[in-house]
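S.K.: Put together the whole structure using the sequences plus the hints.
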Amino acid sequence: KQEVTQIPAALSVPEGENLVLNCSFTDSAIYNLQWFRQDPGKGLTSLLLIQSSQREQTSGRLNASLDKSSGRSTLYIAASQPGDSATYLCAVGRSDYKLSFGAGTTVTVRA
Amino acid sequence: DTEVTQTPKHLVMGMTNKKSLKCEQHMGHRAMYWYKQKAKKPPELMFVYSYEKLSINESVPSRFSPECPNSSLLNLHLHALQPEDSALYLCASSQDFVGSTSYEQYFGPGTRLTVT
Numbered sequence: 001k002q003e004v005t006q007i008p009a010a011l012s013v014p015e016g017e018n019l020v021l022n023c024s025f026t027d028s029a030i031y032n033l034q035w036f037r038q039d040p041g042k043g044l045t046s047l048l049l050i051q052s053s054q055r056e057q058t059s060g061r062l063n064a065s066l067d068k069s070s071g072r073s074t075l076y077i078a079a080s081q082p083g084d085s086a087t088y089l090c091a092v093g094r095s096d097y098k099l100s101f102g103a104g105t106t107v108t109v110r111a
Numbered sequence: 112d113t114e115v116t117q118t119p120k121h122l123v124m125g126m127t128n129k130k131s132l133k134c135e136q137h138m139g140h141r142a143m144y145w146y147k148q149k150a151k152k153p154p155e156l157m158f159v160y161s162y163e164k165l166s167i168n169e170s171v172p173s174r175f176s177p178e179c180p181n182s183s184l185l186n187l188h189l190h191a192l193q194p195e196d197s198a199l200y201l202c203a204s205s206q207d208f209v210g211s212t213s214y215e216q217y218f219g220p221g222t223r224l225t226v227t
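Protein chains in written order, with our numbering: chain A, 1 to 111; chain B, 112 to 227.
The reader is advised that the hints may include incorrect statements.
[What the hints assert, rightly or not] Now the in silico label distances, taken between C-beta atoms and shown as ranges:
1) A:L11 with B:A150: 13 to 21 Å
2) A:R55 with B:H121: 39 to 47 Å
3) A:S12 with B:A150: 19 to 27 Å
4) B:K133 with A:E17: 35 to 43 Å
5) A:A9 with B:P119: 40 to 48 Å
Everything labelled a hint here was simulated from the structure, so no lab data went into it. The beta-carbon is built from N, C-alpha and C at its ideal position, and this holds for glycine as well.
M.R.: Shown next, in the form of structure tokens:
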């Protein structure tokens, strides 16, 4: 069974600091890994999708890396802004094509 | 356009009511999903439709009844719900579900359901 862990559960940083969010998974036989953002009471917004054959993906201030052998992915957000405050979820695409979600990291960026 | 729409945004219903949630996408996606999310928890998969056929039912109680009238629409019919069914119900879609290529899932804004 695929277990996905995100540590820390919550993170508070001053504006301008770089954010580093961690995601670990127990089964390296994954199809992909997707990072989402969720604002309170809202749906999930897809940020980045990394295929199993890729090592990283970049979009603007966001960069996500994937290391299947160690069962880890890291989401970097450069020069954080108060608008980046949200819960960030990682989800691993499994061999049965379903997603296993982590519990999320709630980020607060202080102005 | 990577938009998935859901209606209504909020729904309050009694335990004897019958109501429906609606989801729509116009991205040409052939896989559509229903998830349930409780507060401060990750989404839990309920149903998957692939090419308008039900592919996965995650042992969801029969008081939840999904329907896929066409490739763009997904409904969730609700009947005789319990207060513990109160949650955010999320719809998602992806290009496909089963295959050698993995696909990105796009989520709608959700319907906040309260059962009284």
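S.K.: It remains to establish, for every hint, whether it holds in the given structure.
M.R.: Status of the hints after comparison with the structure:
1. In this structure the hint that L11 of chain A and A150 of chain B lie 13 to 21 Å apart at CB holds, the actual value being about 19 Å.
2. For R55 of chain A and H121 of chain B, the hinted distance range of 39 to 47 Å is satisfied, since their beta carbons lie about 42 Å from each other.
3. Take S12 of chain A and A150 of chain B: their Cβ atoms lie about 20 Å apart, and the range 19 to 27 Å holds.
4. For the pair K133 of chain B and E17 of chain A, the beta carbons lie near 42 Å from each other, so the given range of 35 to 43 Å is met.
5. Checked against the hint of 40 to 48 Å, the C-beta distance between A9 of chain A and P119 of chain B comes to roughly 31 Å, which is inconsistent with it.
Hint violations for this structure: number 5 only, all remaining hints satisfied.
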